[in-house]
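Colleague: Single-letter residue listing:
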Amino acid sequence: MVGNKTLQLGDTYQNTWGEPFTVRQLRYYIHRLSYTDDKGINYTTSEAYYLVDEADSSSKIIYLPAPAGALISIRFTLGVDSIDNTSGAQAGALDPVKGMFWTWNSGYIFAKLEGRSDSSHAPGHYMSYHVGGFKPSQNALREIKLAATPGSSTTSMTVIQADVLAWFHGAHRIAISQSPVCHEPGATALQLADNYSAMFTLAPAL
Amino acid sequence: MKACLIIITLAIVIGSWAAIGDKAPTPLPFVTPRGWPAPVYDFKHNPLTKEGFELGRKLFYDGRLSRDGNFSCAGCHQQFGAFATYDHPLSHGYNNTLTSRNAPALQNLAWQKELMWDGSIHSLDQQPLIPLTAPNEMAETTGNILRKLNADTGYKRLFRAAFGEGAISIARMNRALSQFMVMLVSSNSKYDRVMRGEDSFILPEQLGHAIFNSKCAGCHAAPFFTDFSYRNTGMPSDNSIPDMGRMKVTGRAGDSLKFRVPSLRNVAVSFPYGHDGRFFSLAEVFEHYRKKLVAGPQTDSLVRHTIALSNFEIGQLTAFLYTLTDTGFLKNPAFAPPGYEITPAFIHQH
Numbered sequence: 015m016v017g018n019k020t021l022q023l024g025d026t027y028q029n030t031w032g033e034p035f036t037v038r039q040l041r042y043y044i045h046r047l048s049y050t051d052d053k054g055i056n057y058t059t060s061e062a063y064y065l066v067d068e069a070d071s072s073s074k075i076i077y078l079p080a081p082a083g084a085l086i087s088i089r090f091t092l093g094v095d096s097i098d099n100t101s102g103a104q105a106g107a108l109d110p111v112k113g114m115f116w117t118w119n120s121g122y123i124f125a126k127l128e129g130r131s132d133s134s135h136a137p138g139h140y141m142s143y144h145v146g147g148f149k150p151s152q153n154a155l156r157e158i159k160l161a162a163t164p165g166s167s168t169t170s171m172t173v174i175q176a177d178v179l180a181w182f183h184g185a186h187r188i189a190i191s192q193s194p195v196c197h198e199p200g201a202t203a204l205q206l207a208d209n210y211s212a213m214f215t216l217a218p219a220l
Numbered sequence: 018m019k020a021c022l023i024i025i026t027l028a029i030v031i032g033s034w035a036a037i038g039d040k041a042p043t044p045l046p047f048v049t050p051r052g053w054p055a056p057v058y059d060f061k062h063n064p065l066t067k068e069g070f071e072l073g074r075k076l077f078y079d080g081r082l083s084r085d086g087n088f089s090c091a092g093c094h095q096q097f098g099a100f101a102t103y104d105h106p107l108s109h110g111y112n113n114t115l116t117s118r119n120a121p122a123l124q125n126l127a128w129q130k131e132l133m134w135d136g137s138i139h140s141l142d143q144q145p146l147i148p149l150t151a152p153n154e155m156a157e158t159t160g161n162i163l164r165k166l167n168a169d170t171g172y173k174r175l176f177r178a179a180f181g182e183g184a185i186s187i188a189r190m191n192r193a194l195s196q197f198m199v200m201l202v203s204s205n206s207k208y209d210r211v212m213r214g215e216d217s218f219i220l221p222e223q224l225g226h227a228i229f230n231s232k233c234a235g236c237h238a239a240p241f242f243t244d245f246s247y248r249n250t251g252m253p254s255d256n257s258i259p260d261m262g263r264m265k266v267t268g269r270a271g272d273s274l275k276f277r278v279p280s281l282r283n284v285a286v287s288f289p290y291g292h293d294g295r296f297f298s299l300a301e302v303f304e305h306y307r308k309k310l311v312a313g314p315q316t317d318s319l320v321r322h323t324i325a326l327s328n329f330e331i332g333q334l335t336a337f338l339y340t341l342t343d344t345g346f347l348k349n350p351a352f353a354p355p356g357y358e359i360t361p362a363f364i365h366q367h
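Those protein sequence lines, which keep their order, are chains D and W. This note's numbering numbers the first residue of the first sequence as 15 and each following residue consecutively. This note's numbering numbers the first residue of the second sequence as 18 and each following residue consecutively.
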């Protein structure tokens, strides 16, 4: 989503600060997904990583066993655990050919938002946010917990919406004119991680 | 008294020689693939050794060569992307900067006389100084690099093993990096196997090969899939990236917006394409050549009237270009970061 509109790659939107931008790529890792129902049962999934890629509709649907009761909450980790950052070449969702790998020192990119913006002073007017970092002072892993409100879900299908605009506001002000690029672990990455960790909402039931 | 001094000096020389004498570096053979021309790299000046190659590999993957420790050579030259930057249009540098160009693939460098998109560097041994010191790349000074290398006893040992006694120097570092880089030879793609009679093309690859020879090989000549020339291919300059290409090197207006013809080996994994990475897919490149290019006075005669390509031909060409992917090269554990040499079972070792 972009605010209340459905994100279309290549279309131009405006962020919170009135800056125009297009999105070419939006990808992020989800890990350690679990959910609870109103009977108090907690469901955990395998240790699998899911790479959500805006350009790949199949990556945006995750099939899991339905809870026995009504869904109360969903939790997941956004990012890649430190152990998996340092374990060498990996397969599946963590295969480096997914374009989410930095180096053997800085590890995986946890989440990526790329596009262009006339407000960007970077070469090519690129807007490029790559967020990661697993070392103690640079830890960009974020735990997400979404609570269901009455009528927000059904047992068969739960829709989680992610709002791209959250990358630019929330805990920290990220303006494209000031910070068009983030390509390494550190302060900007941590601010972006704080911001986008609030991008998810449970959508109303279909 | 004088004789006594000489004897002592001799003893010291003999002593230090004995300490390293039994560990002379092991020569590393450089193999020219069958049918390829002789390499242009000067191996006499920098003889390949196992120790020199291993030192070069360690340096290539060491982020400490950059100012903040985050940017190794491999940061922008990733093995799984044929040592180009996978999926990134412009290279990333120190302090969240972008360069103005796409990091080229590093392969078959022993046959390349000039380096960089504009050919501004004439020696592989000199090239590393550019990214090491550029403020929007690794942003480090040679003095700091030497200080960091000298503070590491492991490096002291490795330099001594590769080059013998004497101080760690930038020249030795560059020679070690060259030894690693010239060994990055990609010559075992399906295309190569077919040419050697060990494999055969499926029909689309075969048709694509014929189309390639008639419409693309004028610039992308085998076996390197580049003729190493500089050409203006009708890519209008981007006002946010001032880059006149070869003209900056030669000072000749006739070289305006000319860039080196890139090799197409491993092209399927070295996207985005173009000197500034403006084409994210092969489809965009084909669209450029058949429709979108903007011919200027310096645009190459081979492309200035666009290249006629049907959708069918694009399909066949794509199939052919995928045969230039050399999996053994992309996953060769000898080129992986030290400590991460995991040999996938499917690699056929020669």
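Any given hint could turn out to be false.
[Said to hold, decoys possible] Listed next, the stretches of chain D that the computed footprint assigns to chain W, with coverage defined by at least 3 CB atoms under 8 Å from CB atoms of chain W:
# : segment
1 : 43-50
2 : 110-116
[What the hints assert, rightly or not] So the derived list for chain D, only partly shown, Cβ under 8 Å to chain W, looks like this:
#  : residue
3  : THR26
4  : GLN28
5  : THR30
6  : ALA136
7  : TYR140
8  : GLU198
9  : ALA201
10 : GLN205
Source of the hints: derived by calculation from the structure; they are not laboratory data. Computed from a predicted structure; not experimentally measured. Every residue, glycine too, gets a C-beta built ideally from N, C-alpha and C.
Colleague: A separate judgement is required for each hint: does it hold in the structure or not?
Modeller: Do the hints match the structure? See the list:
1. 43-50: Since three or more residues must qualify, the claim that chain W covers the segment 43-50 of chain D is violated, with 0 doing so at under 8 Å.
2. 110-116: Result for this restraint: holds, n = 5.
3. THR26: With Cβ-Cβ at 17 Å, over 8 Å, it is violated.
4. GLN28: Hint violated; GLN28 (chain D) Cβ to chain W Cβ min 20 Å, cut 8 Å.
5. THR30: Interface hint status for THR30 (chain D): violated (21 Å vs cutoff 8 Å).
6. ALA136: 5 Å, holds
7. TYR140: 6 Å, holds
8. GLU198: 5 Å, holds
9. ALA201: 10 Å, violated
10. GLN205: 12 Å, violated
Hints 1, 3, 4, 5, 9, 10, counting from the list given before, are not met by this structure.
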